[in-house]
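*Asks:* Each chain is listed here by its residues.
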Amino acid sequence: MTAELAGNQIIVEILYLVASVLFILSLKWMSSPTTARHGIWAGEAGMVLAICGTLLHHGMRYQWIATALVLGTIIGVPLGRVAMTAVPQRTALSHAFGALCVTLVGSAEFYLRTPDISRFMMSVLSIEVVLGGLTFTGSLMAAGKLQEILPQRPLTYRGQNFVNFLVLAAALALAVYLVLHPEARNLFPLMILLALIFGVSLIIPIGGADMPTVISLLNAYAGLSAAAMGFVLDSKLLIIAGALDGSSGLILSIIMSKAMNRSFTNVLFGAFGQVQASAAAGQEERTVRSATPEEAAAILSAAGKVIVVPGYGMAVAQAQHKVRELYDGLTKRGVDVRFAIHPVAGRMPGHMNVLLAEADIPYDRLVEMDEINGDFPATDVALVIGANDVTNPAARTDTTSPIYGMPILDVDKAHTVMVIKRSMNPGFAGIDNPLYYLDNTLMLFGDAKAFVGSIVRELGGGHG
Amino acid sequence: MSSSSTLINALFIFVLAGFIGFEVIRRVSPLLHTPLMSLTNALDAIAVVGAIVLVGEHKSQLAEILGFIAVVAATSNIVGGFLITDRMLRMFKSSRPAPKP
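Protein sequence lines, in the order shown, are assigned to chains R and P. If you use the working numbering, the first sequence closes out at 464, no skipped numbers anywhere. If you use the working numbering, the second sequence closes out at 101, no skipped numbers anywhere.
Hints listed in this document are in silico derivations from the structure and should not be mistaken for laboratory results. A hint or two may mislead.
[As the list claims (entries may be wrong)] Below, computed lysine-lysine pairings styled on DSSO-like, alpha-carbon distance capped at 30 angstroms:
#1 R/Lys305 / R/Lys413
#2 R/Lys28 / P/Lys93
#3 R/Lys305 / P/Lys93
One chain only, chain P, in its complex shape (with noise of 0.2 angstroms):
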């Protein structure tokens, strides 16, 4: 089971994704503000594999029911927080040509 230092792996990964997090966002221009919100919701709901296992290992029926639920949910984030995002980016137009790529 988990030892002391995997405790301080996962201390160690949460405060430096969380330093990342910090600099990245803060650099988010305000304009994308609501598409940003929305993306990392779905993103968050990476926590449908959590789910997914407890539905796949089947060790006990109430995990099996409770992580369907749980699936069906994150599912439903990933679907729709992706698709609202892509929406929004999508009606953000320039008044300047578009530049070449």
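One chain only, chain R, in its complex shape (with noise of 0.2 angstroms):
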């Protein structure tokens, strides 16, 4: 770049900073949901801003500039409309598109400028498209996972961690080469490949319960890429949205990893496929208390402080907007009800939020594990709904237990544990969950849906 600007790219520059300033408030803005509207509106004009100083600095060929962005329009307008249960199969393909955008600019950017290129400029370039390579891959891969077009379960092999590592190796071991000597053009299309094979490596033994973590960590990898994509070329807006995006993704994974008892390095190197032994073993006759809608409606409409723990299993059983009616009855009849949702419940991070947000729950009502685990000794009912290992007593006590250390929401604390549940199959992760043995839990079996819909009748009848 020369030292002197031209009087147009002085306002293109300008407009980039204003732009970088508005995304910068818009995420600032995102601390409370009654500011994060704004947030969204400093975010499109930003865009705007960013995308029209970019058409008036190049004033050229815009016929077909303008058939691209209709196309994206016309994909992008129905991502935006899909079901809120599907948000993280959504979030985890736009991490591929994003990232498949960074990587054919910078294949292109590779073609035009090599061999011509300095070594500093190479390495960055080679770690956007490696980066954009196995994050877009990846994020396919997670997405279908998601969306149950790929087995949830994890696929694991003997070596295989040896194995990722070798095509890992093979993809930075191309790049040093390309460093080294960029007109070996015809290397970069093979290291584009490694770096897509490892992306889907890397996600193949990787099981459904993990994936807010995996999520959360694509997401900081297609930041990362789209930040080297700004180095490459020059533009100080994409460095500041990529770090912006990187910083967000990395801050999710650590809350994401330590929900889950992960250690960060295990996330760094997506080593979280282990696969959970199932502590099934040494299963004596424990005797459980299940109790009916009618009794359960009883002792709801005679407590003071109810505290729900709502699970995945919810949404599934899209029991979501029958919890509604149980939170509208009990409300009425001056019960306190508030939700306590672990940092992993849904399948990203504050996914549960969105779920019960959609139900008409009034956010205020949703708190979060750290600050509700000190209130269940004073609640008299814990209401379960499709969660278990969140609530599992033995990742506090038992080392043994395959989920030991791993945070959880106290609700055995609480004077009287309700669990919906559909039988006495150990959940998810084939894990048992002594919580269903203890004096003062009740177990209510049926559907989540059903069973939360006949509480909500028993209340509606049983007036006076």
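Work from the hints to combine the two standalone chains into their complex.
*Replies:* Here it is as structure tokens:
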């Protein structure tokens, strides 16, 4: 770049600066639900300014640009209208699209610039396309697993980590070679191919329960690859947007790994695929107490404080609207009802909040784990709907449990615990839950939606 | 072409923006982590500007084709990302009456 900018370019750069500020404000306003929608407007305004600035800058060949923008909009609108339960796979898919864009632009720049390219530029370009490539296929795999097109369970084989390592090492070796010999242009597609393969093999061993972590991590990768693209194009705006996205993904990954009791390095290297040993052994006959909807309704309406603990099972049973009716019915009787949200409830960070908000449950009734855990001893009834492992007291006490050390919701400390569950079969992870055998636990056997519906009917009928 | 000083400039911007990102996003309520992710996704699609330049400048056939696909992919993220974030945020309602602005 020359030191002197033309007048037109200065305007463009100022537009980019304003867009950067708007992007940062956009994220700042996300700190609270009351200001969050300003955040969208700021983001949209920044985006429009940046795109207009770019069009202004390069006054040429608008026809294909317009066609691509229209096509993208046609694809984007239905992706903005998916059901709230499908948001995780939509998010994974959009990580894939973002990474695809970055990889394609990087590839085009490679062929435009080589062989006259500085070593630094070639290094950043390699980072851009390798990170972009693996994020593209990795996100597609994650979306496939979430959409249940691909099997949810982890696929593992002997020496898997070694094979993955080899693929990545080969891609990086090619990158180093290209930095030293950028004229070897026919090696470039091979490097991308290896990155694409690595993305697939990275996600294959990961099970459905780990998806919140995986999505966050892919988010971080997508952001970092975009920042690398900013270095290549010398675009400050893109560096800033990529850095913001990257740090967001990183923070969410850290939160998720803590909530799953995985070390951060464990997450960084994608080794979250350990198959959880099923601790089904040593099952002596233990008794559980069960209750009918009538009994449950009587206990709930006599309670002063109720905490509902929803899990993804509630969303699978499509029970959230019945849960809202239950919330309404109990609130009308003067019962204080709140919802305890575990960080990994749902299939991506914050997913459960969205599902409950969709059912019109006020957000100030949704309380995070750390804030609500101290309140369980003073709670009359904890009602667990479709959650299992996140309520398992063995995580606190049983060092042999596969989930030992994972932070859980202390529902067992409530005066009465009620668990809606189809049967006594152990859950997804195959871990037995001692909560069900406690003296203060009542099992409510049945489909979540039907059972909550029956409780609501009982509450409605039993006035006075 | 890029001298070492533009590299240093770029690194400065990257590191400082990363810090801002960390501090700003740490304060985002966990309540909104899903909309946060779809919003950052839409913002990240600002990569579209690089792709637009590729299509507009038409330096080679290959660059134009790759750029075209990249514009489509990024635009779908911008449109879809903002749409779904807005839909989600509209659902978050308080049980208390909304404070007057």
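*Asks:* It remains to establish, for every hint, whether it holds in the given structure.
*Replies:* Results of checking the hints against the structure:
1. Distance hint between R/Lys305 and R/Lys413 is fulfilled; the C-alpha atoms sit about 13 angstroms from each other, no more than 30 angstroms.
2. For the hint linking R/Lys28 to P/Lys93, the alpha-carbon distance of about 19 angstroms falls within 30 angstroms, and the restraint holds.
3. Using a Cα cut-off of 30 angstroms, the hinted pair R/Lys305 and P/Lys93 holds, with the two alpha carbons roughly 22 angstroms apart.
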